[in-house]
Structure formats: structure tokens, C-alpha cells
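Peer 1: Sequence:
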Amino acid sequence: MTNREVLISGAGVAGPALAFWLVRAGWRVTVVERAPELRAEGYKVDVRGAATTVLARMGLHEAARERDTGMRRITYVKRDGRPIASLPADLLMGRRGDDLEIMRGDLGRILFDATVGDVDYRFGDAIAGLADGPDGVEVTFESGARAVFAFVVGADGLHSATRRRVLGETPLNHLGAYISIFSAPNDLGIDREEIMYTEPGRLIFAYAMGAGEQALVGMTFAAGPLDHDRRDVAGQKDLVRAAFAGRGWRSDAFLAAMDTSADFYFDSISQVELPSWSAGRVTLLGDAAYCPSPASGQGTSVALTGAYVLGRHLGTPGGLAAYEAEMRPYVEKNMAFGRKMARDMVPGSRLAIAVRNYGMRTLRFHPRKEQVIDKVLAPMHEAANAIVI
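Residue 13 in our numbering sits at position 10 of the sequence shown, and the numbers go up by one each step.
Simulated from the structure, these hints should not be mistaken for laboratory data.
Take the hints with a grain of salt, since some may be wrong.
[To be verified] Straight-line distance between alpha carbons at most 27 Å, and here's what the computed DSSO-like set of lysine-lysine pairs gives:
1. K81 / K372
2. K372 / K343
3. K343 / K378
4. K81 / K240
5. K81 / K343
[Stated by the list, open to error] For each label pair, taking beta carbons as the anchor points, the in silico distance ranges come out as:
6. G362 / G215: 32 to 38 Å
7. K372 / D121: 44 to 50 Å
8. R70 / D232: 31 to 37 Å
9. A214 / F368: 27 to 33 Å
10. V375 / D230: 39 to 45 Å
11. P39 / G204: 34 to 40 Å
12. R233 / P332: 29 to 35 Å
13. G29 / R371: 48 to 54 Å
14. F368 / R27: 47 to 53 Å
Predicted, not measured: the structure shown is a model, and the values here were computed from it.
We put the beta carbon where it would ideally sit given N, CA and C, even for glycine.
Turn these sequences into a full structure, and let the hints guide you.
Peer 2: See below:
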């Protein structure tokens, strides 16, 4: 193949990770990103299992470890803020060995810094059109520029425009809840701790990297598919307000902070499930192809692993089919785990919450609590390690 140009749409985690491997394989890589600059915001994400091996092979695991959130504990509270139980974060989240937790913006910066010298990053632009040509994929950009690429990879997230262009409208698999995340004043003086409050159909969590740092607040509520405009931030805030106004713990204080927050994020807890991830010379990666949902905590790990696998196969005979064949069993394990976690994430009854709270209170005194947590989280560990790379 004489054309060694690859275009990646999306400069989050999956796109730069793939760019890293493609450059090493001798490709010339362009990454186009609609945002005007690298996004620094984001919530904390986990890197587990096979994905930690990917980071190590990139030579970036230590850099990521240095930016680990270092969360000390997770505390569940009652409606009035009194603690129910507090447990070490690594224990409760089942982190093992090289597993780590990092702010998404920090991981994105590490991947960007590792590739920016070898990759043509184009911020403030996006794909406007794709067409098959004799020498590859003919791409028109919103800026008016045109170019031909051997392959185009959509790494542009849950609502991927690339996916829509090549596969048409593909409905998301809604898992019954919505999540909002935004920054707020750290009035509680939270210091590397996550505080969680649950009532039927609603979950609030707040965490901060230090007592002097801004807090990040998440408000999740159960609901069927809602008819809303993803570009209408004010309308999204109204949905969150309707779900949480007058509720327990610090609901109203957090809603007031939400109103002035500049980094508000809102989306459904959904999965992307496709019969095929490729069409011609265009393929999809990460959430664009196989989002396991935020409830799984595995989206970043699956994206990093997918980037490694696609980077090995792209351009080889039958490479895109081989990419799908190698990744799909791993993806399906993580999809199943994501569906399970979505069911458990927002308990629907006071009885379910009471049972959970009782378990948390007694667990800290259990002489074999590590083994208990390992058994509960066994499906997560199986999913995280369901591929050999």
C-alpha cells in the first residue's frame, strides 16, 4: 500500500493512543478534533487489567501512576450527611497490582504529549464528508480542506459522527439512567475522598483531589429514554434539577453550583452495540464502536486495549476483520459487566439501599473483607482481563 496516511477523528483517549501505535508501525497520522484545544476537564477513570499492560508497553504507565488520584476512601452518608460507612477506596473498587485511577484530562494529556511530536493534530476542525476513492478515503473537512487517507478511524465517542456517516443512525442501548458531572466549591473540605448518597432512583457523589481543590459532583438518576437536545445545556440542567430539587444530603447546594458550573457534562448511561465496527476503509474505536457505559468503569481500559489491537492489525491483509475478531469476546465481557453495574448503580427501593448500607457497615469489621470484595467484583476482574495481548 503506497498511501500510508491515516486520519483519526477524536483526540480524547482512544485517538491519541491509536496514533501512538500507528506511528510506531510507520503510518503518517492526522488527528482531527472539533474542540478548539485539548480538553483538560473530565472525571476520574480507571485503567485495569489488560489496559495496564498496554500503558506499560507504551512506556507511559509510570507517568500515569504519578498522576494517580490517590483516593483514600469512599464514604456513604445518610440524608443528613452523617456517615454510614467508610472504606478504603482501593479495597472497595477492587484495584489490584498495576491498576490505577486517573483524571481523564490527565491521561489525555499524557497520551497527547507522547504523540504530539509525531502526529498532525488539527483542533477546531471536523470531518464534513467521506467518500470512497481509488486511492483511499476522500475526506472533506469542515474547514474546507480535502485529503485522501488509506484509512479513517472514528474515535469520537458515544455519539460518534463518524459512526453515523458510515453506518447510519444506530440507536444506543439505553440502560435506564442519566448522569451529570460538574465542578463545585469544595465546601466540605473533601481531601482525596469520595462521598456517596443514595435514595431510590437517585445517586449523588462528590470527590476532590485535595481539601483546597474544586470538588467534582455527580448526580445520577433512573429514567427511561428522555427526549432532549444534547446541545441544550440549559435544558439538560433542568432535567437534573427536576430529578434532585428538594432531595436529600446537599442536593439543593449542588444544584446551585451546577447553575454556574462551566464544565457541566450530561449524558445517558448507554451502550453502543454494533454487528460490525467497520465499513470499507473506515473503522471505529473505543466508545464510538463499543461503549460499555460509564457504569462499567471500563470504557477507558477497553479504548486503550482496542487502540493497541487495531494498531497491530491496521493495513494487514484482513486487518479490520482480525481487529474485530480479537476484540469482540473482550468487548462482550465488558458489555455484560456494564449492564450488571447499571442495574446496581442506582438502587430502586429503600430496601435495596438498606441491604447495601448494612453490608457496608459490617464489611469493615469482616476479618476477610478483601476476599469478600474480590468475590463481589470477580466479574469486573474477568472483564478487565478477558483478552491476552
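Peer 1: Hint by hint, say whether it matches the structure.
Peer 2: Evaluation of the provided hints:
1. K81 / K372: holds, 23 Å
2. K372 / K343: Measuring from Cα to Cα gives roughly 22 Å; hence the hint holds.
3. K343 / K378: holds, 15 Å
4. K81 / K240: holds, 25 Å
5. K81 / K343: With Cα atoms ~25 Å apart, K81 and K343 stay inside 27 Å; holds.
6. G362 / G215: 32 to 38 Å: holds, 34 Å
7. K372 / D121: 44 to 50 Å: About 46 Å separates the Cβ atoms of K372 and D121, which means 44 to 50 Å holds.
8. R70 / D232: 31 to 37 Å: holds, 35 Å
9. A214 / F368: 27 to 33 Å: Check passed, 28 Å falls within 27 to 33 Å.
10. V375 / D230: 39 to 45 Å: This hint holds: roughly 42 Å between Cβ atoms.
11. P39 / G204: 34 to 40 Å: holds, 37 Å
12. R233 / P332: 29 to 35 Å: holds, 32 Å
13. G29 / R371: 48 to 54 Å: holds, 52 Å
14. F368 / R27: 47 to 53 Å: At 50 Å between Cβs, range holds.
In this structure, every one of the numbered hints holds.
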